[in-house]
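Chains as they are written, first to last, in this note's numbering: chain X, 1 to 236; chain H, 1001 to 1284.
Quick caveat, the hints were computed from the structure, so don't treat them as lab data.
Honestly, I wouldn't trust all of these hints.
[To be verified] Pulled a few chain H residues facing chain X out of the computed Cβ check, cut under 7 Å: (1) ALA1175; (2) THR1179; (3) PRO1180; (4) ILE1243; (5) ASP1246.
[As the list claims (entries may be wrong)] These stretches of chain H come out as covered by chain X in the derived footprint (C-beta under 8 Å, 3 or more residues): (6) 1181-1189; (7) 1229-1235.
[As the list claims (entries may be wrong)] Reference excerpt, derived from the structure (chain H facing chain X, CB under 8 Å, subset only): (8) PRO1125; (9) GLU1129; (10) ALA1132; (11) LEU1176; (12) GLY1226.
Even glycine gets a Cβ: it sits at the ideal position worked out from N, Cα and C.
Listed below are the residues making up each chain.
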Amino acid sequence: MDRAAKIRIEHLFFHYGRRQVLDDVCAEIPSNAITAIVGPSGQGKSTLLTCLNRLCDAVADARVSGRILMRFEDRWQDILAPGVPLHWLRRQVGMVFQAPNPLPMSIFKNVAFALKLTGQHRRPDVNDRVTRALERAFLWNEVRDRLHHDARTLSGGQQQRLCIARALILEPEILLLDEPTSSLDSQASEVIESLLLALRERCTLVMVSHYQDQVRRVADCVLPLSSGKIQLLATG
Amino acid sequence: MDGERLAQKAFLLAAVLSASVTVLLLAFMVILGLPLFQGGLVFRILTAPWLPGRQLFGIWPMIVGTLAIAALALAVAFPLSLGVSSLIAVVAPGRIARLVKSAVAFMTGIPTVVYGFVGVFLLVPLVRETFARGSGLCVLTAGLVLGILVAPTMILFFSDALARVPRSDRIAAEALGATPAQVLIYVLIPGAWRGIVTGLVLAAGRAVGDTLLALMLAGNAAQVPGGVLDSARTLTAHIALVIASDFDSLEFKTLFACGILLYAFTAAATLAVRRLAGKEGPAR
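Full structure from sequences and hints, please.
Here it is, written out as C-alpha cells:
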C-alpha cells in the first residue's frame, strides 16, 4: 500500500477564523488513480483540495495544522512544512477549478503561461509543449487553426479543457480538480471524464465531485467527507 | 408630483448652467484673445521668447517650463504610485493596505500651499546645498514636489484598477505557481492597464494645471530652462504673475494664448480618458 500511495494526509485540521472546516482528516491517496472527494456541500471538500496545493494560504484568517506528505521522486515531503516554496509546490500539483478560468489572452498564451512563469522562452520548445499539452487535453484538433484567438471565445467545455491543458504543460505529478464538470452540459462532461481516465496513467488525480454517477464511472477511490471528517467506507 | 417636476427643472438648470460655463469660458478666451489671431501674431507669441523690454511677448519659455516640470513630476510620481498601489493590491492587502489607502486619500485633501510651504523650507535649501548651484528654486524642486502632489490621484486610480482585475485570473496564475511579483507583472498590471493610463492622464492634467507649486518653487524666470537646476516659469504661474501687474496691453493679451493652451490640454486629456473608459470591456 505504501508504495502505491502518492499523498498521505495526517491529522489535518483547518479553521477559517473560529469556524472549524476540517477536523482531524487522515487519508491516503493512491498514485496514478482518480480519487474522488465526495460529500454534502459546504463540508470542506474544496478546502481539503486547496490544502493540497496550499492555495488555501491566500485566505485571510485561515489556520492549517497537521501534515500532508507527498511523494516526489521517492521522497516524502511535508508540503505544510514551513519553507516549502509555494511556486515549486504548485508546479508539481496542478489545479483545475469549478468554473473555467482562462486568462484574458489567446489560447496559445494561456497554455504557455506556466512556461513563461518558469522562464522558458525558447520558441520551438514552447510551441512543441503547447501542442502536446493541448493534445493531452483532447483540445488540439478543435483549436489548432485558431491558437491566437481570445481564449474566452471558446465554449465552456473547451475552456475547461484549455484550463486542463494549461495545468498539464508543466507535467505535474498531481492534478487537483474542483468539480470540473459542474458548469458543463452532459456532452462536454463526458469528454472531460474520458480525458481524466486517460490522464491517470501519468498523473495522480484528486477530484471533488457532486455527481454520484460520475464518481462511479471514473473514480478508483472515494474519500467521503462530512462535517470535516473522513467517513470510512468501502472504496468504489 | 409638482414638487418632483420642480426639482427636475432645478437639476436640469444646474446641469445646463455648469455645462455652459465650460463652453462660455472657451468663448470668452477666444473672443478676448481674438486680436492675437490676426496677422499671424499668435504664431510669434507661441514661439518667441519673453522680453518685454524689447516688445517680445512670446510664451515659448513658459510652454517648455510647463512641460519640463510636469514631465519630471510624472516621472517621479508614476513609479512611486505604481509601487504604492501594488503594495496595496498585492504585497500587503488587509490592514496595512487600508491604512496606506486612507493616508493617500487624506493627502489629496491637503491644500497645495502646504506642499509648497514644505518645499520652500525643506527641499529648496537641500537642492541648493546638494548641487551648490543657483537658489534651489528650479525645475527639479518644483517637479519633485509636484510629483508628490499628483501621486495620490494616480495611486487611487491604480489601486482601484488593480483591485478590479477578476479574482479568478489571479487565482489561475497562483495555481500555476506564479510568485506574487509574477501575478503583478503578468496578470494584474495587464488587466488594469486602462485604469493605469487613465490615472496617468488625469495626473498629467493636474500637473500641467497646478499653479501654486511652480509659482512658489520653480523660480519663475521667463526663460527656456537648460537643465533641471535652472529656474523656469509655467503657463499657469505666468498668468498669475502677469495678471497681477498689467491690464489691457499686448503683454496682457498673451495670457489668453496661455489660457487657450491650458484649456486645450485639459480638454484633450479629458477626451482621452473618456475614450479609454468607453472602451472598457472584455477585449484585449
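Results for each hint:
Nearest Cβ of chain X to the Cβ of ALA1175(H): about 4 Å, under the 7 Å cut. The hint holds. About 5 Å separates the beta-carbon of THR1179(H) from the nearest beta-carbon of chain X, less than 7 Å, and the hint is met. Annotation: interface hint on PRO1180(H) violated; nearest CB of chain X at approximately 10 Å, more than 7 Å. Taking 7 Å as the C-beta contact cut-off toward chain X, the hint placing ILE1243(H) at the interface is violated, the least distance being around 50 Å.
For the restraint placing ASP1246(H) at the interface with chain X, the shortest Cβ-Cβ distance is roughly 56 Å, beyond the 7 Å limit, so the hint is violated. Look at the stretch 1181-1189 of chain H against chain X: 3 of its residues bring a Cβ nearer than 8 Å to a Cβ of that chain, three or more, so the hint holds. Counting residues of the stretch 1229-1235 of chain H whose C-beta sits closer than 8 Å to any C-beta of chain X gives 0, which falls short of three, so the coverage hint is violated. For the restraint placing PRO1125(H) at the interface with chain X, the shortest Cβ-Cβ distance is roughly 46 Å, beyond the 8 Å limit, so the hint is violated.
The criterion of a C-beta within 8 Å of any C-beta in chain X is not met by GLU1129(H), whose closest approach is roughly 46 Å, and the hint is violated. A least Cβ separation of about 46 Å between ALA1132(H) and chain X goes past the 8 Å threshold, and the interface hint is therefore violated. At its closest, the beta carbon of LEU1176(H) sits 5 Å from a beta carbon of chain X; the interface hint therefore holds under the 8 Å criterion. Given hint, GLY1226(H) at the interface with chain X, is violated; its Cβ is 44 Å from that chain's nearest Cβ, farther than 8 Å.
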